[in-house]
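J.: Just so you know, the protein sequences line up as chains A and B, in that order.
Residue 1 is where the first sequence starts when you use our numbering, and the numbers rise one by one after that.
Residue 1 is where the second sequence starts when you use our numbering, and the numbers rise one by one after that.
Think of the hints as simulated: they come from the structure by calculation, not from any bench.
By construction, the Cβ of each residue, glycine as well, lies at the ideal position given by its N, Cα and C atoms.
Among these hints, one or two may not hold up.
Ranges of calculated distance between the beta carbons of each label pair, as one might list FRET restraints [what the hints assert, rightly or not]:
| no. | chain 1 | residue 1 | chain 2 | residue 2 | range |
| --- | --- | --- | --- | --- | --- |
| 1 | B | E2 | A | S83 | 48 to 56 Å |
| 2 | A | I394 | B | D192 | 20 to 28 Å |
| 3 | A | R519 | B | K126 | 35 to 43 Å |
| 4 | A | T287 | B | A164 | 24 to 32 Å |
| 5 | A | A383 | B | D192 | 22 to 30 Å |
Here are some, though not all, of the chain A residues that point toward chain B, as calculated from beta-carbon distances under 10 Å [said to hold, decoys possible]:
| no. | residue |
| --- | --- |
| 6 | F151 |
| 7 | I226 |
| 8 | L235 |
| 9 | L261 |
| 10 | M272 |
| 11 | D276 |
| 12 | S282 |
| 13 | F283 |
| 14 | V290 |
| 15 | V291 |
| 16 | S304 |
| 17 | F318 |
| 18 | A320 |
| 19 | P379 |
| 20 | G435 |
| 21 | I436 |
The primary structure of each chain is shown beneath.
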Amino acid sequence: MAHVAETHAPEAHGPADHAHEHYDPGFWRKWVFTTDHKMIGIQYAVTGLAFLFFGFGLMMVMRWSIAHGSQPLPGWLGGLMHSIFGDSVFTKEVEPTTKAFLGWSLSTQGYNIFGAMHGTIMVFFGIVPIAFAGFANFVLPLQIGAVDMAFPRINMASFWSFFISCVIMVWSFFVEGSAAKSGWTNYPPLSGVADSGPAIHHIFNGGTLWLLGMVFNITSSLLGSINFITTVVQLRAPGMTWGRLPFFVWAQFITAYLLLLAFPPLESAAIMNLFDRVFGSSFFMPTGLVVNAMGSDGQPLLFSGGGSPILWQHLFWFLAHPEVYVLILPGIGMVTEIIACNSRKPIWGYKSMVGALFVLAFLSFIVWAHHMYMTGMGPKVSAFFQTTTIIISIPSVILLTALLLSLWGGSLRFNTPMLFATAFLPMFGIGGLTGIPLAFNAVDLYMHDTYYIIAHFHYIVAPGTIFAIFAGVYHWYPKASGRMMNEVLGKLHFWGSLICINALFMPMFLQGMAGVHRRWWDGGNAAYAATVQPVLHWNQTISQAAWALGLVQLIFVFNFCWSLFFGRKVPNDNPWGATTLEWDTPTPPPHGNFIKPIHVYRGPYEYSVPGADKDFTPQSEPPTAHTAPAVPGGIPAHA
Amino acid sequence: MEIPYTVTPRPDTGLANPKLGIWLFLASEVMLFGGLFAGYIFMRLGAEPWMWPHGWLNVPVGTFNTFVLIASSVTVILSWEALKMRNYKAFKVWLAITWICGLLFLGVKLGYEWPAKFNHFGAYVKKEAAEKYEAQLGNDGEDGRLARNLPPRLFISGHPKSWADVKNPAVKEIVLVAVDEENNTPKSTEHDRAHFIPTPMAHLHEGHEIVLQKADLLPSFGPFYPRLNTYLACYFMITGLHGLHVLGGVIVLFYFWGPGSKMYRTNPVQLSNRIEVVGLFWHLVDLVWIFVFPIFYLL
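The shape of chain B in the complex, shown without the other chains (with noise of 0.2 Å):
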């Protein structure tokens, strides 16, 4: 027994099966992300305005990112072109290098982007103890935030003393000693915008600890988890989802260019067709990440 059109398009609807069961896929996948974006746009229509964060992804590593991605889609296309064109050392060149261009793309989320956050510390301090830290946050005063028309700053971010202290419930305050650049000189016009590329952190020196309370702020504090805002939430949701059908895609086609590429010598017409289909997979996972980066990086 044999499925029919499963390598050949069937006359009448012009499709092999696969191609169809990708494009049914890829159409799921749409709602799926669709989903995920109209969460992201409930939880910024809902954040308070100094909730919602702007400027904490590095752009220049997003935009390289980015580029890396549209490369590995064109990349792909010439690799399923040469092996139409029955090239196969073309096709395996240009797939190899679409899937290295898959794991520099994984290389740079988790091995910078991610981490990043995970050892660095926020807070948002409570609206009734903003006083207190008006060094911080220098909402008030002529110079001020709030003089200048700009949402009031509540957020406080820079390294813990000890990680320790600010996960255990019995220690009331945390130290920090070192704090963002938004927070060192909070009144500077400067930061009335959010920068292309993030400010260093400049290190307070010894003696100038800031100590924060721990009933001053919101119960979120933490690392930069998605427990910490929304917008953190949303980030590490999509870009998570996106990055799992980035490893799924490079999979695929690290196994395409290896044991799955002695196809060639017994049905090069299926292997090109397999190649299609993970490409059409492969773009998808692209214009994702087109909507990805402007919302997370540039918005």
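Only chain A is shown next, with the shape it has when bound in the complex (with noise of 0.2 Å):
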């Protein structure tokens, strides 16, 4: 096993022969204000997988609330909710006729509280930190072979300000009025009267503070996104030209182009929205408008009119479609490792899938107003962005069917990052495909707001994004943790996972195409029930599939921390057998990364390469006669 760099022992040699020091900062500086990449990737990805069950949490009990309406919590959860949330977000049931205490259910305010926090978080708190801010920062400066990011100390202030962001989203749920509930959109007029009157705070109410969060998240993204192309740019090893580069690199560096120029108009916007709620301007308060509630009695509000509700729509999406790459890249990014890995076998088009990724980049800029056909923006504008939605799909499908090629001919080997990756293929799929009819500003009419609509990106980020999430854990945990996760343990957690999560979504189809609202708290069960009654009984399978999914969540979260004690020892540096680079140095990596100077030689999937004497060929290694590359600067080409 020559080609597997030995673990480091420090006690193993003499100091005298130190060609490297031995690093250590103390226990702050180590595990709390690190500025090592790998460990504020560990940070970034705990701190997101917290947020995630989280924000899954909130949709557990608003499951409840949708499949029963407004019957109470069941027995000492609903009081265990009150105690945390309060009163603004559950309601005492009583007996209607003798009084007598029932429970607590969640109130109508409660279900839009949890709506627009749920996907506030699971987008900007949960995905994003993980995909792109965790996996990045622990895998990508090792793939291209740097001993650590190009800005340590801006990298460790990318994460603080993600931590002050999180701090006030979660410290938003405690104010008077509780958290924003004008949904993860934000949509004024809405969001510029929500959360004021006389008993809220000026500044700390809900929907002030979910801007003042937002802008913290955009700084942190905005600093990690300059560090990533920085690093990418600037500090790949010798050798590791850009044609040599892992894939998943290639998508990372994609993705913090996309935040590094999507993220400030959405900035800009929130600046908007928070002069409009702080200073009373009326950038998106339109002329005579008028609000039954917090207490202005139907009278006009008291903003000086001409402002455009539209215009946030406008700098909203023009983030929020991109984003919606940004939170799907990282994934195939992760994926497309898996899958080479183990397959045995290089990825089928390489070059056609970055270029797929470039163009996916630059078209993801021009589809934002596809999201606001409802709008009325005329037709002209429309046509213009089903033009280019449908273009879209085009780099979609390359990398889908390259990836799907990938596996032809493989000889797989079916562990379980490997099963998650797999599983990614057809449900990010499914979710892409579902997302063409949208597309079209007709079908889009009917469908708006519906569940189709929620089973479609959910498709894409849960079965897509988080399965790949999930595949990237049981893939590089050997790495960061020195052990193994349990194989048993993650099979159970995938087989319950993919048939809860499809239990799940695939119902919302049918019920979104039968015309149930997004946004119905009881599920549509009492004012709308003589239009969707059909579909209505999906709503409790929906639920029981949905807490199922949440309980075999709790295999994992067992398997990550029992692991981390008790999981078997890694064999060997590299366990899975792969070729970057990220694979050539100790576990699990000290700081500085690598002990032995690094010099890149071959493309990044050179598996199986014919006439080696195994099937795998690290970038790391010198040519040979053997195993010089087939093709210089890149792929073997395949007999």
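Using the hints, put the two standalone chains together into the complex.
T.: Structure, rendered in structure tokens:
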């Protein structure tokens, strides 16, 4: 096993032959205020995972309300929820005649709060921090052979800015009136007038804290994306040409560009909304706006008027469509690595995939208004955005097809990461293909804001990106911790998740096509039963699937924690037999990552090279007679 | 462990890390201000013609500030150049001029331009009540604004007798003891166009007070705050955010002029890289102002 770098053992050699210094910055600088990219990556991933479960928990409570209306939550759960979230979120239910206490139910306002925060948390505090910030921080510098990120201190600032935004978002649940309730899209004019009134603090209220939290979150992603781009451009190891970059690095590189350029317009929109809320300006407040709430008694609100709610939608979706690709591209990057490694075969069409990434990133900036067909922008604008939206499906299909073809003829190794990675493909496919009808104005007018669209984008991000995240966790866990995660528990987790998540989202397509709207707090039982009765029974099924999915995730949590201490130790530094550079480091990698000079001689996926003595040839292995790169700079041609 | 290419450029990209980093940051800044300017365009296109004011800002003062900022952009380059030539004294002088210019800009903004808005009263009269204030608005008649094909004037501004009355919802009327020149002689053709230099207020004699009924006014009346109209909202937001950038730049420039300049003795190459990077940021601040100035002061 000459290809495996020997594990570095400080006690095995004397101090004299130290070619590298030992790094011992003390507890706080090592675990908390760290500048080491690996620790920051782990901090991001763990924080993000915690928020992922928090956001999912909010949804599980909402699913109770959808399935059972205003029936109180079962037993102790309602009391616990009420004691955490308070009266603005949970209502006391009493027997109408006897006034006997029945329990606590989610109020309609509470449903809006949980819905808004579920979306916000999942997108901005769950998936992006894990899939982009977490994995890219840990893996990307290792894969390009860098000692750390280009700006380690900015990297730390990025995490702590993110952490402040987390604190603000969680805090917003506990202010008077509770957290933001205008949806994760925060549409005005509702977002301009919600959370205001005599009893509500002028600044420390749900809506304003949401905006402040987002400003910190955006700052964090700005610092992070600058760092990633600079790192990839500047710190590639000798020989790591652009054509030899692992696809994961390409995906994260492009994602960083999306974040860099798409997030600032949302920041400007957030500043405008902040002005509206705090200084009473009218960026998004139209003339003569009348709101029959908040003590205004149907009087026109005290705004000068002249504002445009549509402006928010433009600025928001200018971010949020590229954001969709921010959510999915890191996932595709991880899946690509894992499929290449576990099919023991080069990725099919590496160059087309990279090209597809570029096209996808460019087009993602000019499709945003397909979220806004309902605003009456007019057929000419709609026609443009329909066209670009349909075109963007081409690079997406290229990516998916290339990954599918990569499986063909490989000697597949179905360990847990590979199971999640292969399941990603059809799930992402379902999510993508069901999006095509939505691209058309005529269909979208009917489908808009129904469960069909909920199912569509959840298929992309939940069994799509989150499965990719799980695949990534199982795949890189040994490198980060030095121990393998348990395979049996992993497979249980996979099959449970796969079944539950499909039982959860597949019926939503049916409900959506029947017209069930996404914001009915009781699932449509009270007011709309006459129109959607035939599909309402799915509400219970979906909710049960959601709760079962929640239970299955406990297996993962257990496996994650248990393996940290009792998992099987990694047999060597490269347990999966992978080719990319992160497996050339000791396990776990020390500060500074590599203990030998790194030079890259070949492309990222030289698996099963004909004539080689083993079925993988690491990027850092110098060419010999048997293992010369078959194609200069790249992918070996397959016989 | 040391990060490579923090000071010297990487041969194949020709860049040192900080330079690439700052250019990426500037790209995102362009998108940020682009979003704000998009907001300005939306607000202006959506505004009623009588709602969007012209000539509220003092053009000579704004021009002065423009030249101050452009001059500081030149001096930051001279400072960098002096450092490259290892001329420490000249470097310090030019850098001092740069941050002093930044402070001067902020001083004019915060000492004169903004406060002048905060103690001035303005109100839009509702269209249906405009007749009652014809003496201040001057829309009707043969020599009125409407007859001259100008958008109606519905805005009255001046100084109130008591700010407390303006803010107190129980008080139903506002007494103005002085109105702006446009409202004093509203039919004068002098006021058809905005003035290069805003005319000073003409104080009315006692006994000539103007009484505004709050019920006749759009509810956004009050000081020239962002809530008065979308022009002021855009103005305060964009100049405010730009001002924060100036402030950030001044702090960094001051640091490199003061304690940060010690690096000259140990690593002058890195210090000049730092000056170059902050200089790039300073140019962006300048560039943004070059867009801000015409859209608020001139157009």
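J.: Now, for every hint given, state plainly whether the structure supports it.
T.: Here's how the hints hold up against the structure:
| no. | hint | in the structure |
| --- | --- | --- |
| 1 | B/E2 to A/S83: 48 to 56 Å | holds (52 Å) |
| 2 | A/I394 to B/D192: 20 to 28 Å | violated (57 Å) |
| 3 | A/R519 to B/K126: 35 to 43 Å | holds (36 Å) |
| 4 | A/T287 to B/A164: 24 to 32 Å | holds (29 Å) |
| 5 | A/A383 to B/D192: 22 to 30 Å | violated (43 Å) |
| 6 | F151 | holds (6 Å) |
| 7 | I226 | holds (5 Å) |
| 8 | L235 | holds (7 Å) |
| 9 | L261 | holds (5 Å) |
| 10 | M272 | holds (6 Å) |
| 11 | D276 | holds (8 Å) |
| 12 | S282 | holds (6 Å) |
| 13 | F283 | holds (6 Å) |
| 14 | V290 | violated (12 Å) |
| 15 | V291 | violated (14 Å) |
| 16 | S304 | holds (4 Å) |
| 17 | F318 | holds (8 Å) |
| 18 | A320 | violated (13 Å) |
| 19 | P379 | violated (20 Å) |
| 20 | G435 | violated (26 Å) |
| 21 | I436 | violated (29 Å) |
The earlier numbered hints that this structure contradicts are 2, 5, 14, 15, 18, 19, 20 and 21.
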